[in-house]
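Asker: Sequence:
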Amino acid sequence: MSKYGKYFLTEANGIIQPGMNVAIEHPIVKADKGLLGPDFGIGWHPVTRAFKMIDESHKHDYAQVLAFIPGDITRLGELDAEIEFYMGGEKHIITSTTVVFIPGGVVHCPLYINRVGKPFLFNNMYFTAEYIATLVNK
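Residue numbering for the sequence shown follows the working numbering, beginning at 1 and increasing consecutively.
There could be a bad hint or two in this list.
[Said to hold, decoys possible] Under the rule of at most 30 Å between Cα atoms (straight-line distance), these lysine-lysine pairs were calculated in the DSS-like manner:
1) Lys33 x Lys59
2) Lys91 x Lys52
3) Lys118 x Lys91
4) Lys91 x Lys59
5) Lys118 x Lys52
6) Lys52 x Lys33
7) Lys33 x Lys3
8) Lys33 x Lys6
Think of the hints as simulated: they come from the structure by calculation, not from any bench. This structure is a prediction, so every number in the text was calculated from the model and none was measured.
Turn these sequences into a full structure, and let the hints steer you where they fit.
Answerer: Below, the structure written as structure tokens:
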């Protein structure tokens, strides 16, 4: 292997995985648990239908970034879906291409995919090697 070859992750490295939820019917792309170093993990989840993605409010010690991107990469400004997301107890309805920054320690979720007109890509990035959530009682 070349000097930098270890930084090119492929299916052979296990980045293609089953979805985190039975409603995500297609494989996801995920790299964490040290594959990207000690302080970063990322997952891309294809969403094709409405479902409750995460029902419990929780928090992390690390920052997190969520992105909701249309499946058609030639129309990145045309998200055809409705997502209900809670952050700090506030309800937010997402109906357009959106990136959400969640500072470490901020309570967030539930996350509900209420409507999917066209498939989209949900991207979850977290600034730690492994995604760990601490549930918060309501």
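Asker: Each hint should be assessed against the structure and marked as holding or not.
Answerer: We went through each hint and held it up to the structure:
Of the pairs offered as hints, the one joining lysine 33 and lysine 59 holds, with about 19 Å between alpha carbons and a cut-off of 30 Å not exceeded. Between lysine 91 and lysine 52 the alpha-carbon distance is near 15 Å, which keeps this suggested pair within the 30 Å criterion. At roughly 23 Å between alpha-carbon atoms, lysine 118 and lysine 91 fall within 30 Å of each other, so this suggested pair holds. Distance restraint check for lysine 91 and lysine 59: the Cα-Cα separation of roughly 16 Å lies within the 30 Å cut-off, and the hinted pair is therefore satisfied.
Of the pairs offered as hints, the one joining lysine 118 and lysine 52 holds, with about 17 Å between alpha carbons and a cut-off of 30 Å not exceeded. With a C-alpha separation of about 25 Å, the suggested pairing of lysine 52 with lysine 33 holds against the 30 Å cut-off. Distance hint between lysine 33 and lysine 3 is fulfilled; the C-alpha atoms sit about 21 Å from each other, no more than 30 Å. A distance of roughly 15 Å separates the Cα atoms of lysine 33 and lysine 6; the hinted pair therefore holds under the 30 Å criterion.
Every hint, counting from the list given before, is met by this structure.
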